[in-house]
Amino acid sequence: MPAPDTFPRLLIEHARQRGDRPAIREKDLGIWQTWSWAQALEQVRSLACGLHTLGLRRGDTLAIIGDNRPRLYWAMDAAQALGVIPVPLYQDSVADEMAYVLSNADVRIAIVEDQEQVDKILEVRSRCPRLELVVYDDPRGLRHYDRAVLRSYDDVQAAGRDLEKQRPAFFDEEVARGQAADVAIMLYTSGTTGTPKGVMLTHDNLIVTGRGGIQRERLTADEEVLAYLPMAWVGDNLFSYCQGHVAGFCVSCPESPDTVLTDMREIGPTYFFAPPRVLENLLTTVSIRMEDASRFKRWLYARCMEVARRWGPAILDGKPVPAGGRLAYALADLLILGPLRNVLGFSRIRLAYTAGEAIGPDLFRFYRALGVNLKQLYGSTETSVFVCIQPNGQVKLESVGTAATGVEVRISEQGEVQVRSPGVFRGYFKADAATRDAMTADGFFRTGDAGFFDDDGHLRIIDRAKDVGRLQDGTLFAPKYLENKLKFFPFIKEAVAFGDRRPFAAAFVCIDLAAVGNWAERRNLPYTGYIDLAGQKPVHDLVRGCVEEVNAALAADPKLRGSQIHRFLVLHKELDADDGELTRTRKVRRGFIAEKYASLVEALYANQPAVHVETQVRFEDGRTGIVRADLPILEAMTVEDETERRAA
Amino acid sequence: MQGTVPGPVLLQVRGASLSFGGVHALRDVDFHVHEGEICAIIGPNGAGKSSLLNVINGVYAPDAGTIAYAGETRRAMRPHRAAEQGIARTFQNIALFKGMSVLDNVMAGRALKMRRGVLWQALYWGPAEREELEHRARVEKIIDFLQIEHVRRTPVGRLPYGLQKRVELARALAAEPRLLLLDEPMAGMNIEEKQDMCRFILDANDELGVTVVLIEHDMAVVMDIADRIVVLDYGRKIADGPPAEVRANREVIAAYLGVPTAADDRALKEAS
Chain Z
1 MPAPDTFPRL
11 LIEHARQRGD
21 RPAIREKDLG
31 IWQTWSWAQA
41 LEQVRSLACG
51 LHTLGLRRGD
61 TLAIIGDNRP
71 RLYWAMDAAQ
81 ALGVIPVPLY
91 QDSVADEMAY
101 VLSNADVRIA
111 IVEDQEQVDK
121 ILEVRSRCPR
131 LELVVYDDPR
141 GLRHYDRAVL
151 RSYDDVQAAG
161 RDLEKQRPAF
171 FDEEVARGQA
181 ADVAIMLYTS
191 GTTGTPKGVM
201 LTHDNLIVTG
211 RGGIQRERLT
221 ADEEVLAYLP
231 MAWVGDNLFS
241 YCQGHVAGFC
251 VSCPESPDTV
261 LTDMREIGPT
271 YFFAPPRVLE
281 NLLTTVSIRM
291 EDASRFKRWL
301 YARCMEVARR
311 WGPAILDGKP
321 VPAGGRLAYA
331 LADLLILGPL
341 RNVLGFSRIR
351 LAYTAGEAIG
361 PDLFRFYRAL
371 GVNLKQLYGS
381 TETSVFVCIQ
391 PNGQVKLESV
401 GTAATGVEVR
411 ISEQGEVQVR
421 SPGVFRGYFK
431 ADAATRDAMT
441 ADGFFRTGDA
451 GFFDDDGHLR
461 IIDRAKDVGR
471 LQDGTLFAPK
481 YLENKLKFFP
491 FIKEAVAFGD
501 RRPFAAAFVC
511 IDLAAVGNWA
521 ERRNLPYTGY
531 IDLAGQKPVH
541 DLVRGCVEEV
551 NAALAADPKL
561 RGSQIHRFLV
571 LHKELDADDG
581 ELTRTRKVRR
591 GFIAEKYASL
601 VEALYANQPA
611 VHVETQVRFE
621 DGRTGIVRAD
631 LPILEAMTVE
641 DETERRAA
Chain E
1 MQGTVPGPVL
11 LQVRGASLSF
21 GGVHALRDVD
31 FHVHEGEICA
41 IIGPNGAGKS
51 SLLNVINGVY
61 APDAGTIAYA
71 GETRRAMRPH
81 RAAEQGIART
91 FQNIALFKGM
101 SVLDNVMAGR
111 ALKMRRGVLW
121 QALYWGPAER
131 EELEHRARVE
141 KIIDFLQIEH
151 VRRTPVGRLP
161 YGLQKRVELA
171 RALAAEPRLL
181 LLDEPMAGMN
191 IEEKQDMCRF
201 ILDANDELGV
211 TVVLIEHDMA
221 VVMDIADRIV
231 VLDYGRKIAD
241 GPPAEVRANR
251 EVIAAYLGVP
261 TAADDRALKE
271 AS
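Line order of the protein sequences matches chains Z and E. For the first sequence, this note's numbering assigns the number 1 to the initial residue and increments by one for each residue that follows. For the second sequence, this note's numbering assigns the number 1 to the initial residue and increments by one for each residue that follows.
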């Protein structure tokens, strides 16, 4: 028999082969609850039948909104079993954003986690004419709602069980009708550019790509993973759902988004994906707690990390290490590294990926020194994630590795990275023109990223191709490169660089409230909140120090020497996805920010000492308020300045 | 929910008076709460709001008057009787065990429900262990209800103020109260925290069927969630009714904003 080629077939296969092995876990009321593959299949079967009774038919779409929950993953299985296309939405989207996706995807039925999501959907129902019904999981707070548009998940499953009794073969027949080339899922891209587009991925796209990754990294059915990233994001779909189905390993869902750290430690994942941001938060927690530790512990930590940085990466890469180095590392491992891995939930980790953004050198080195095989990969929604992966033993900071199994990568004449692989998507939903624009005549997908291959054949990505600009004097200006360099400082949470067609590069900086707040407390610097802290002179000096360090690093690179940051300002508010300043995956929307804060950008290039600003902010409940502040325009020393000053 | 038919009277305070030396905290106050209701007590500082709560759960014995609760009429409540009979409360200035974890604090709310004595609990194994597990399961439900899973093991003293208030509510709910007294549950919170707290109070009322009496200064909150509002001023009750009615009550406006003059009257008339 050929290997199962759709997700429902994989599910049935696992239920048959390893029926009582754990398929999915969730921590509920403080205790981990486990469902075996056989139990998961039962749940999916009754849900699928229930969805059929609600009138969902092959080719329809089903919206899925909520945190990572087994019942929402089953909704994906159930939809796919019926040939219905699941459309997961970001659970923290505001109602407006949801309205667009719901109506664009022709959603008639949505399965949601709780009252919060129900409220958002009901708010925009008038704008989604096709939407008929909302199925909810958690009934809390919904007792007095209009029942006409609501149905509980349990009721749907009950209706499904009735149908099963009448037509026992129904589910298997529906699964048998599914084709590997059918669209398995539709994921809306976060939309750094324009409105979100629905990326259609087939069973084949995902399964072939997922299997390639499993073979390359030798993953087994015994892996443990924690599904904590949004279900609407292709990464979670591939690493948790797809590879879980292909390899048959168990996926654990955290108790709540706030408990991920504790849940990690309890589960001890062996295979882990985290965007740099998450890794950074983890490290920040450790660093802050370390600073509060006793003197002896701080000393011991510093010594052990020194040893780890020196020998850890080499040991990890299997390079020759002298016996003394191995002994020192073993001792450090016993005293600090092992317990630290345990605290972070990395005790059993065999493979960790990071992607999405450039990772800071200190951050990357920290985890590898700790003995975590952290590797970078490169990919996108349209390519079912995997394009390039760093091979074991050849992990470098600046590159994203070599082409993944079955993937062809080339660089166009304009310097754009282009990809052809079994994972390349079917197309954008209802946007044929956009699909055509995204593909070359010979079937390569245009990633829109600017990059090149280094001497070892590893791919290096510098920026979005369209964002790479030039200063007035023609110097290359790669804004993301500057922003990343700034963000590598723990004190800086976000940065936005400007400079295209300008006389020099300048930047907005957002401080990291936790890190700078801690720094301020240590200096007995009182502050009331973000705005106050961001407006204080010592903080400005702190940020200036960071900017000047970046300038010094840039000066060393002849190509980028000219794009040193001359002026900057510290923003009075944190950039927020609710205000449209970040995408839901927390990428800076530079164009939108430049427009929204046009007066601030102009002030950076005018010779004025400060600028007054009023900004509307949106609170989580949807209400808005106004924040006012006077922001000083700050000058940073560039390296040329320094040489001039020395000469003077 | 607003507009629902009130249940039978759960608590009835009649003619309660209380004074401290020459200060009359309460003067001949009649006060009642229906089963299933959310009743708010408002009034300027020193109006006697906290005193009334303290009379209800027996911290103070009134100088005159009676308290009828769940069919029993008494001269005064006693705190432990109040607790045994299902009256729980939170305090204006948080009264938690700062050094203990959230879990232990909420478990403390179950103390009255523990059947095994201190010795059994010290031994732990056997019946006490079974009982502990049972209570822990209940406490976990409340932790889930109030969404404080992420701080389960954190010492309360390390939590921000808004969360501490939530933990205090959790401890009160752990006692499975029939009547919940909340003394300024939202003081010092930001908008989002207040919204969360409102949601929790409404849910406790709706899902757990708890009758709620709360003191609160934020008028928007009070008007939003209360079924009925009682207004105190200088120890006297000056108004009692649904939010819309109380909002329009002249005596209430006077107590909050000062006595209107003839000029104000004219201005009001012109405006309307």
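Derived from the structure by calculation, the hints contain no laboratory data. It is possible that part of the hints are untrue.
As the list claims (entries may be wrong) - Some but not every residue of chain E turned toward chain Z, in silico, with C-beta under 8 Å:
1) E140
2) Q147
3) E149
4) H150
5) I191
6) E193
7) E207
Glycine residues also receive a C-beta, built at the ideal position from the N, C-alpha and C atoms.
Cross-check of the supplied hints:
1. E140: holds (4 Å)
2. Q147: holds (7 Å)
3. E149: holds (5 Å)
4. H150: holds (3 Å)
5. I191: Nearest chain Z Cβ about 6 Å off; hint holds.
6. E193: violated (11 Å)
7. E207: At 6 Å from the nearest chain Z Cβ, E:E207 passes the 8 Å test, so the hint holds.
Of the numbered hints given earlier, the model fails hint 6 alone.
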